[in-house]
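*Asks:* Once you have looked at the hints, place chain B on chain A.
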Amino acid sequence: MKHVLAALVENKPGTLARILNLFRRRGFNIESAAVGETDDPEISRLTIVVNGDNNVVEQVIKQLNKLIEVIKVSNLSQDTMVGRELAIIKVAVDKETMGEIIGLSEIFRAKIIDVSMKSLVIEITGDEDKVNAFVDVMRRFGIKEMARTGLVALARGPKATKVEKEEV
Amino acid sequence: MPKKERMKGTKIVVESLMDEGVEYIFGIPGGSIIPLYDEYYDSDIKHILMRHEQAAAHAADGYARSTGRTGVCTATSGPGATNLVTGIATAYMDSVPMVALTGQVPTTSIGNDAFQEADITGITLSITKHNYLVKDVNELQRIIKEAFYIASTGRPGPVLIDLPKDVQTGDAEYNPETTVNLRGYKPTYKGHPAQIKKAADMIIAAERPVIIAGGGVTISGANKELINLAELLNIPVATTIMGKGTFPEDHLLSLGILGMHGTKYANYSVSGSDLIIAIGTRFSDRVTGDVSRFASDAKIIHIDIDPAEIGKNVRVDLPIVGDSKNILNSLVSVLKTNISKETKYKNWLDKVTTWKKEYPLYFDKKADTLKPQYVIKKLYEATNGDAIMVTEVGQHQMWTAQYYLCKNPRQFISSGGLGTMGYGFPASLGVKMGLPDRLVFDVAGDGSFQMNCQELATAVQNNIDVKVAIINNGYLGMVRQWQELFYNRRYSNTRLGYLPDFVKFAESYNAKGIRVTKKSEVEDAIKEAVKHDGPVLIDFRVEEEENVFPMVPAGAPLTNILEVDKI
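If you're matching them up, the sequences are chains A and B in order.
Numbering-wise (the working numbering), the first sequence opens with residue 1 and increments by one.
Numbering-wise (the working numbering), the second sequence opens with residue 1 and increments by one.
Hints in this document: simulated from the structure, not taken from any laboratory.
A couple of the hints might just be wrong.
[Unchecked claim] In silico lysine to any residue, SDA-like type, Cα no more than 25 Å apart, as pairs:
{"hint": "1", "chain 1": "B", "residue 1": "LYS145", "chain 2": "A", "residue 2": "THR15"}
{"hint": "2", "chain 1": "A", "residue 1": "LYS159", "chain 2": "B", "residue 2": "GLY184"}
{"hint": "3", "chain 1": "A", "residue 1": "LYS66", "chain 2": "B", "residue 2": "SER284"}
{"hint": "4", "chain 1": "B", "residue 1": "LYS186", "chain 2": "A", "residue 2": "ASN75"}
{"hint": "5", "chain 1": "A", "residue 1": "LYS62", "chain 2": "B", "residue 2": "PRO307"}
{"hint": "6", "chain 1": "B", "residue 1": "LYS377", "chain 2": "B", "residue 2": "LYS518"}
Next up, chain A with everything else stripped away, as it sits in the complex:
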C-alpha cells in the first residue's frame, strides 16, 4: 500500500543524505521524494511516498524519527490529504497533431509553456492519477522527455504537521 509521509527536517547540509541513506540501509523503497523550505527557513519539508505494508511504514517512521535532524514525521492518510504533483512533458508535434494536443491539454487544464515546430513543452499539475492519465494520453504523440516533481501534500482542514512550541 502507498503511504505519504511528511517530514519536517533541519535545513542543513547533509540532512537529505542522512535520510536517503536510512532508506537505502534499511532496504525501504522510495517511490518519490520532494523537498523544499517551509515558512521557517531553518526547516525543510520532505514529502516521501513509500510503498509497503503498515509494519514496514511504521518502521520507516520510527527510524526517521531516530535521526537527530528529523524534527517531526506524519503519515498523511490518503483520504484526508490534498496532494499535488507537477510534471513538465516535452511532446513531439507536427502540423497534424498540434491542434489535437492543444485541445487535450485544455481538457486537462495543462499549460503549454514552450513551443517549437517539432515539440511542445506542457506543464500539468494535479494528483498522481490525473498526471498519469495525461501522460498516457500524450504517449501516443511521442514523449521526448519528461520531468516530475513527485508528490507534495498537506492534510485537509486545520490539522498541520508543525514543530511544537519549544519549552525553553
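*Replies:* Coordinates of chain B only, in the frame set by chain A:
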C-alpha cells in the same frame, strides 16, 4: 564561574572534554590532527597512545562499557579515521556511548581528494548515532556539547566529530554556559502508566512467565529493579549475552543465557512460556532463532527506550517505551498493590527447575586432554567469579559466556552485535583504565588475539595490568565448528597452521608469558598471572576440535538444539 573567552579551536575541544569529565583519550596522532595533539600535550586529560586506531576505538568502548561513562578516541584524517570504523560499528551495534574525534583536511581542500582525505562522515553515516563535520569554528563548542549529550542519553551510541585542520587552528568564543537544545531529539524516559498497568495485569494473568533481560538493563542501571521484579513473583530470568550479569547467574531464578549457545533450559523455558517480559533487548537473530517460531505460545511485553526496536523483529503484544529502571520501578509498585498469594507460578517453576536439573551445561570433565571449558571453569573458581571478563569473538567467547557466571552488570564485556574479532584485548585496556582496582581478564582465541596483539606494547608501556588467557586451539574455531557441523568437515582456511610462540611474543614486549598444556597446570598458571604485577599472556593449548554446545543452528527454532554426544 569561568567567563566567556576567545580561544583556539583545539583549546575549545580540550576545554569541552574537561567539562564533560573526560579522563582518558585513546588515539594515535597524524598530519591533520597535530594541532589537537599539540593541545593534548599540555592538557590534564591523559592520552593513551595506541598502536592501531581500531584498538583506540575498542579501548574507548571498553572504558565506556565498564564505567558507563562516554569513551573518547582520536585519530587523524584518512586512514586514521577509516581504521576507527570497525570500532565505531562495534560500539554502535551494542549501544555504547562514545565520541570519536577525527582530523580532517582543511575545509578549503575538502572534496579535492587531498592527501589523507576520506569522507569519514559519509562513511560512518550508518554506524553512528549521529556525526558532524565541523565547518565553522564558531559551531565547534555547541557541536561537542551536542555530541556528548547524544552519545550518552536515550539509547547510547557513538558520535563522530570530524575536525578540519583550519577549524582546529581557528579561534572562537568559548562560553562555559552553553546548553544543548535539540528539537529533533527528545528521548522518552518515563513509561506510559496505562501501559505499565496493562503489563501488570498480563503478568498477574500469566501462568508461565519468563523475563528476558538485555543490554538495556545494564545501560539503564536497572539490575536491582530487575531482581525486585523477578523475586516479587518468582519469575525465571534468562539474559542475552549483552545482558549477562544483569541478573546474578548463581540465583535460583537464573536461567543463564538464551539463544544460539544458550542453556537448554533457558531456551526451553522461553519456548514454553506464555508471557515474555523482554527488557532492553532487541531480539537479535542469535537470541530468537527462527523468529516465526519464537515462543509461539507467549504474549510479549517489550520494554525498550528505543521505539524503533518495538515490533522490529518480533510481534509485540504490549510495548512500553522508556527507561527500564523507571519502568521496572513503577511496574513493581503496581504489582505489589495487585498481587495475591496465588500468583506464584508454582507448577511452572517446578518445570523450569526440572529442566535445569535435567539439562545442565555439559563437557567431559574427566577427559585427560585440556578442555577449553575446563580452563574457563578454573578461571571462574580461581577469581571467585569476581573478575571483569572481556572477550574476543568466537568459541572462547561462548564458553566464557556459558561457564563464567557473572553476578553483576558490566562484568562481561564482549562484542555482541557486530561480533568483532580483535575487540577484546584493546577493550580490556580501556576497561582496566576505567576500573583500575579490578582484576581484568581478556579471554581470547588464538585467531582473535592476533587481530590486535600489537596492543601489548600499549599495555606494557602504560603498565595496564590486564591478563590475557588465549584459548589456543590453532583454528578459527567457531568457523571450523560450523564447517564440521554443516559443511562436511571441509575446513576451508580455518586451520591457522602457523602461530607465533605466544610466550616469546609476550616476552619480546617485556610482558610475562606462561604456557599451559596440561590440566594440572591451569590453576597455578592463573594464580601466577593474577599475582604478577603487569600484563600477562597465558597460552592455553586446548583440545583443538572441541565444539560449543548446546547449539541452535542459525535460522532454526530455539527448541532445535544440537548437543555433544555424551560417550
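*Asks:* Hints the structure violates: just list their numbers, smallest first.
*Replies:* none
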